[in-house]
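2 protein chains.
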Amino acid sequence: MDIEQFRKAGYQAIDRICDYYYSLQERSVTSQVEPGYLRQHVPLTAPEKGEDFQIIADDYQKIIMPGLTHWQHPSFFAYFPTACTFEGILADLYATSATNPGFNWSNSPACTELEAIVMDWAAQLLGLSPAFMNASGVGGGCLQTTASDSALVAIVAARSLYQRNNPEAKMEDLIIYTTTQTHSLGLKAGLVLGLKVRAVEVDARDQFSLRESSLRNALDEDTKQGLKPFVLVATVGTTSSGAVDDLSEIGKVAKDYPSLWIHVDAAWAGVALSCPELREMLYLKEINQYATSFCTNFHKWGLVNFDASTLWVRDRKYLTEALDVTPSFLRTKHGDAGTVIDYRNWHLGLGRRFRSLKLWFVLRSFGVEGFQKYIRKSIELNNLFVKLIEESGNLSLVTPSSLALTVFRLVPKSSAQDAPAFSTQVLNELNHIFYGRISARHDILLTQTTLNGIFCIRLAVGAARTEEKHIRSAYDLLVKEANAVLEAYSESLSARGPVQKETHTKGII
Amino acid sequence: MDIEQFRKAGYQAIDRICDYYYSLQERSVTSQVEPGYLRQHVPLTAPEKGEDFQIIADDYQKIIMPGLTHWQHPSFFAYFPTACTFEGILADLYATSATNPGFNWSNSPACTELEAIVMDWAAQLLGLSPAFMNASGVGGGCLQTTASDSALVAIVAARSLYQRNNPEAKMEDLIIYTTTQTHSLGLKAGLVLGLKVRAVEVDARDQFSLRESSLRNALDEDTKQGLKPFVLVATVGTTSSGAVDDLSEIGKVAKDYPSLWIHVDAAWAGVALSCPELREMLYLKEINQYATSFCTNFHKWGLVNFDASTLWVRDRKYLTEALDVTPSFLRTKHGDAGTVIDYRNWHLGLGRRFRSLKLWFVLRSFGVEGFQKYIRKSIELNNLFVKLIEESGNLSLVTPSSLALTVFRLVPKSSAQDAPAFSTQVLNELNHIFYGRISARHDILLTQTTLNGIFCIRLAVGAARTEEKHIRSAYDLLVKEANAVLEAYSESLSARGPVQKETHTKGII
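Quick mapping for you: the protein sequence lines, in order, are chains A and B.
Mapping of the first sequence onto my numbering: position 349 corresponds to residue 349, and the numbering continues sequentially without gaps.
Mapping of the second sequence onto my numbering: position 235 corresponds to residue 235, and the numbering continues sequentially without gaps.
Looking at chain A on its own, in the form it has when it is part of the complex:
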């Protein structure tokens, strides 16, 4: 493809992306394809001779597009949002057009320098302490791929620091601390590193937040048994329910366990720190006081296209002392002089994309005010959903909603006041059916979770095009499906007749 062919294909791509966004609301949220669909459209081997690009571009529309789930659809409420803005798309386009692997300063100074600067912009946007800023010369931040990578990097640095300070400690005794509500990244880091993981129990009465006594008891117990807890992954905004670990109490415990590295994973909720009114509930002061490292993903709720996981550490040496490998072929004048950051020593791989460009484009285009406005709008829309649930007949919150995330389930109102309450088991069965009906639809997407044995449904707001009408129609649709479940349930009870009904009712109490 020559330059003019690229211009033509590029214009067409831009036009087709415009068409995509014009038509997004009319599309299904989820794909309707069945496993294996693509093998019917794509040959098993690459073509021997090159094909015309127009055919390839058309095939994207014809055979790839039907297999996509549209995460930017206004009725996408699953998982957490994955940001996609036009500014992010354009930044990625510019960055890709001059591809370079940016592993040290010399091989593209702008990439390293922009990353160092915009990470400081982001730190200030969130109210992080100057200690975490690159300008401090001690702490610093850099972009990682995902929150899993960020956590893994932090845990590796923590283990390395612990081992330097405790050279006699055996790997078999090292233990990573998470809670039972921590994202799977904690367990995965344990698998990757071959280290023990202890998931400390959290309580529904504490809204699934890690509290002092549970943490202290676990630490005391493990320490007595000779285990070496060296890192705690605390969460600000868990995936299941948006729970926030009590960093104030964790900080108190940490004083008695000074070698415990506290990694705060705020993958989803961290960007909400941009709004001053949310900082207290998200423990900003304590993050600044106690966190050794802090992560949030701008590619979730933060308007920056995947991937843009921001990781800050209180001391950059923790990273470089754990990860620096500089063979001869990677040595450079400026790197040797120590006058520049070589980001390859701040993450797991060597090469890295020029990701800071999209963070820069987005933060400039939205400004701090625009960014805050976006976050607040998502929260307001979620508050509307919460209000609708609270006023509903048969839907009920499982735990208080968190920012832009609501966890709810179907809890049928009894027709008679003295009717027995439904058992957890029956409610779980009903909600499985309820969720099955919702997930069989293609015009909306929500995901499931389980909280202390309770099967529930999550609704996360955050797609850029979601408006009040989408929340209201999501609610209407949920009510409709809930009613269908209840009708079927009621019919099934009737069909069994009085004896079975009694048996069944007994079984479910």
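Keep in mind that the hints were calculated from the coordinates and are not lab data.
Heads up, some of the hints might be wrong.
Identical copies go unnamed one by one, so any copy, or any two together, can satisfy a pair.
Under the rule of at most 27 Å between Cα atoms (straight-line distance), these lysine-lysine pairs were calculated in the DSS-like manner [unchecked claim]:
no., residue 1, residue 2
1, K469, K373
2, K62, K285
3, K333, K413
4, K317, K333
5, K317, K255
Dock chain B against chain A, hints included.
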């Protein structure tokens, strides 16, 4: 930014990328900025109010572009090439425009299915055994970020397998095998995992290839001492000199050490397996016979924009058994049924970009023939450079060239036949000065390396726009700089007069 503003900004971006490629040859290869340059142009905090996008787009040209090193420049011969094709740019643009984190089949079926298919295309392109293909249902391939990630994933899977088979093995006894010429990814994996690494010595007489006796001796020695070598990172095409480990001999040793996982890292050279005439020298047959996992980076010499590291394993269960974590919020109907691949269990993170699209666009647009043609052209250009070096007066190969990589240095021809040969130390000093002069230039970029104490210079061919004229002018420029070094050296000897000259000459023998 609304849709029509995006259309305008998108067209402009495409036009500016066209301008960039029209002007690429006239640009300096390297940036001329000094460390810290960007802080003079970018404020320390994000703007409070959003800025007009045109200002932002213009700033990319004005302040970012001067800080870029142009890896696509035809006179870029450093490190290894980093592929950038228009097809790759367009695929990335489409993929980014419908951002989704693709961590399981359900959340965007096309992403998973296309990856499974094009990884099989790539496997066939390279001549890999059907055992490595996704269609086999046993082995399989997936895209990783970098060769470092691929190696880390392979090593984690190897360690996990070893520990399952040898539950009594202590982490402290596990040992990763590399050679002294393995890429830093081996050492880095050791740092990340906290495991021992043994770099087995390779010999210049074997052209830095790992041979049977060294490997066997090391394994015997370590095993006797109770250590547990569980993985060997063998290399097809080392970074320093393009050396190829003797996989035939390694395979023999492996028969006596059946629990040794052989990961073949062919990050750079692997794509050359697309050419049947190169398969024997690159040990394709032995890769298919002995490798447990194999990696090559299409984002280096393989025409696909960064990042596109392809990793294949002989048994996908090795990955999933090492990395599978499926919490409730990630469970899906198809995932539970096992009818689909959930790629999140094949790599370190959770979310992943839709990278297969660019591999698909590139392989279709070039076809197998176009891909081979590109590889062969790079090798021919390198052969021209080798010929020029061999015919030159003062430049000399350090080791036979490999594919599209040449390692050479300045070795002055003595004017008198009986003049003493230069010592390694003096040659290293001269070549440091030589390389210093080359790297002070901005119209060309080469990198340095060290081979068994010999300081040398690498020239790697592979940028898409490199033609014969760029090779010839690179050679002319090198000769000019070499002559300048020799003149200065000769003057410095004369200036010292006969006595110092003698002393110095003695010192350098």
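Against the structure, test the hints numbered earlier, and report the numbers of the ones violated in rising order.
-> 2 and 3
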